[in-house]
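Using the numbering used here, the letters of the sequence shown correspond one by one to residues 36 to 162.
Mixed in with the good hints, there may be bad ones.
Said to hold, decoys possible - Have a look at the derived ranges for each label pair, beta carbon to beta carbon: (1) D70 <-> L95: 16 to 26 Å; (2) D157 <-> R61: 32 to 42 Å; (3) A82 <-> A143: 11 to 21 Å; (4) F100 <-> V151: 12 to 22 Å; (5) V140 <-> F100: 15 to 25 Å; (6) G57 <-> P130: 39 to 49 Å; (7) P102 <-> M36: 18 to 28 Å; (8) R74 <-> S42: 27 to 37 Å.
Keep in mind the hints are simulated off the structure, nothing from the lab.
Note that the structure is a prediction, hence the values are computed from the model and not measured.
C-beta: ideal position from N, C-alpha, C; glycine also.
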Amino acid sequence: MLFFAHSGLRYLVFVTAVATIGYALRGVMTGRPYDKRMRVLSSTFAALLDLGILLGFGLLFSGRFYPQLGGHMVAMIFASVVAHVVAVVQRRRAPEDRTYPPHIVGTAVAVVIVIVGIMAIDRPIFG
């Protein structure tokens, strides 16, 4: 059961990533001021990555380990760090200095790292 929760969570991560990037692109293209919804989307994306890591450690401690998991774990932790850095940097900026492009870049980089991490264990990205 834990394996299916961990494995299925990636779809929520990808949907949230698309929503985060889409909202940030919309903000850039329309020139809208930075708002709370962007912060919430970014934080949700980071939190879902954290939940995936937590579930992954649960699987690890339940005895499911094989050598390829090392690269998978490192990639997922790195993706989570990237997502958190963007959220924290934007939160620490003055409200008038907050912008959308870091969310586009940071979320895209985190998604690429997640895909690399999934490929490290020879699993399909979707399916």
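Hint check results:
no. : hint                      : verdict
1   : D70 <-> L95: 16 to 26 Å   : violated (38 Å)
2   : D157 <-> R61: 32 to 42 Å  : holds (36 Å)
3   : A82 <-> A143: 11 to 21 Å  : holds (18 Å)
4   : F100 <-> V151: 12 to 22 Å : holds (20 Å)
5   : V140 <-> F100: 15 to 25 Å : violated (33 Å)
6   : G57 <-> P130: 39 to 49 Å  : violated (22 Å)
7   : P102 <-> M36: 18 to 28 Å  : holds (24 Å)
8   : R74 <-> S42: 27 to 37 Å   : holds (29 Å)
Hints 1, 5, 6 from the list above are not met by this structure, while the remaining hints are.
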